[in-house]
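Each chain is listed here by its residues.
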Amino acid sequence: MRAFYTELSKLFSLPGIWLAFLIGVLGPAAFAALDCIAEKEDILAGISTRLPEVGFLGLGFGVQGVILLGVLAVSSEYAVESSEAGHGQQIITSLTAVSSRLHVLLAKAAAVSVVTILLCILAIAAILPITHLILGEFAPAMEWTRLAGAVCYWIFTALIAFSFTVLTKNGMIPLTVLMINSSLVSFSVLLAKVTKLAYYLPDRAGIDMFMSMNDAYHTPLRGGLVMLAWTAVLLTIAAVVFRRREVGA
Amino acid sequence: MNIPAGRKFTRILGAELVKLVTLPAIWLILAGTFVAQCVVTAAYTSVALQSEPGTYTFLNTGLASMRYLQAGFMMLGITATASEYTGGQIRTTLTVLPWRGLQLSVKYLALVIIAVPAAFLMAASGVLYAGLMLRDTTVGLEPDQIAACLGGGTGYLTLTALLGAAAGAILRRTTPALVILLGYYFIVSPMAGAYLPDYLPDVAGYYMYAPPAAYPHNALSRLQGTGISILWIILFITAALVLYRKRDA
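The listed protein sequences derive, respectively, from chains P and R. Counting from 1, position 63 in the first sequence corresponds to residue 66 in the working numbering; the numbering is continuous, with no gaps. Counting from 1, position 225 in the second sequence corresponds to residue 381 in the working numbering; the numbering is continuous, with no gaps.
It should be emphasised that the hints constitute simulated quantities derived from the structure, not laboratory data. A portion of the hints provided could be inaccurate.
Claimed, not checked - Heads up, simulated DMTMM-like pairs for lysine to aspartate or glutamate below, C-alpha to C-alpha not over 25 angstroms straight-line: (1) P:K172 x P:E249; (2) P:K196 x R:D404; (3) R:K175 x P:E249; (4) R:K175 x R:D354; (5) P:K199 x R:E208; (6) P:K172 x P:E56; (7) P:K196 x P:E44; (8) P:K43 x P:E56; (9) P:K199 x P:E84; (10) R:K164 x R:D404; (11) P:K13 x P:E84; (12) R:K402 x P:E146.
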């Protein structure tokens, strides 16, 4: 438990966390607002085909914030201090203080998940009044099951970013790959046009938890289970690699 | 020490080139970008093969991967400048080369020397592969059009690397620079594209390599796109140089 509090305080003292909060809370709100304004005319004309998605679109993109969170939580441990400060790395201190590798990793993953839930709740709290304000009576019904799906999507994405960064020890590649993949020009959406297997990639499966896109492939529950499986496998690999690699470091 | 200006220039260029070439991250990024390029081009080609003949030309298909490629070149540029700030290498650099403006400009030149062949290789390999695969389904294009698109693509990727390098020098840190550039290029611009003017760096850059369209005609000509992109890069590099001279003295 103490390791968990330590990881939380480490997370909140990262300078980058403010960028994550900005993207994770204001981003979804801004996208929801833009999308509501764009959709309003279609709705009034009665030709809108994606009314139930309007608010959720923001949640699909706000996940960028927690990708940054998951990556930073790990990559900050491996950042090398300047030569004047002896080339130190925070991970050495962390592993000296809490010698069980598994404890460090679990506490960190738990801290990332808790902050992610907090961010997602803040984002939802920002989106709800915005959609109601702009769309009035047309505002989409925010069902609890779909909101829970969005929260799960955020947590799994953050944990995938987290495990991926444990493997690479550097934030650049996971950040680039995951950010592009959760954008409009995602790799998995492109691959899904080539092979049905791509529907089982984590982000493509996970999005079915809360967005009923016109090319939805999974039921929300199955999409969630596929993404959960990916997250569990990646976390396990990360834990095994972390235990074996960081023995002396 | 009194060194003739020409000798000084070649020595700095040599030093900057050696620094870039010996960064393992540079080779990792280039190799990773090339692998991603192959996968994406193969995916686009297979989509083009499945669709109605004549929907896609091989030039369209071969250049479709440019969207993803630009991320690799952003990383290349950011690494080139921001890596100086990890571990305090910047202090050694500035002690040895006290001519700040000259040093940073020569670093950009060294980056261009590496980026141009890499960009050409990637753009040309995509077009070549698509050309071979789609030989039977599409009509041939004029060789000078292909050359113009390839030239524009190479130029665009090189300019993107320079933009990344300017952002890296301004922000002095990898992660925020990467998040801001990727966030703009992959999230904000595709989402809000309709509301944004045509002369922003990514859209203007697109017209540098845009394949000739039958309809709706391109908003900017190739030369206009190139000119506007170069103006943007000059603006960012000037800002980087000014800040570098003032701040890191």
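To see whether the hints hold, each was checked on the structure:
1. P:K172 x P:E249: Satisfied, since the Cα-Cα distance of roughly 11 angstroms is no more than 25 angstroms.
2. P:K196 x R:D404: 49 angstroms, violated
3. R:K175 x P:E249: Violated, at roughly 29 angstroms.
4. R:K175 x R:D354: Roughly 37 angstroms between the alpha carbons, so the hint for R:K175 and R:D354 is violated.
5. P:K199 x R:E208: 20 angstroms, holds
6. P:K172 x P:E56: Between P:K172 and P:E56 the Cα gap is close to 36 angstroms, so the pair fails against 25 angstroms, i.e. violated.
7. P:K196 x P:E44: Distance ~31 angstroms between P:K196 and P:E44 Cα, so the pair is violated.
8. P:K43 x P:E56: OK: P:K43 and P:E56 at ~13 angstroms, within 25 angstroms.
9. P:K199 x P:E84: 46 angstroms, violated
10. R:K164 x R:D404: 21 angstroms, holds
11. P:K13 x P:E84: 16 angstroms, holds
12. R:K402 x P:E146: 54 angstroms, violated
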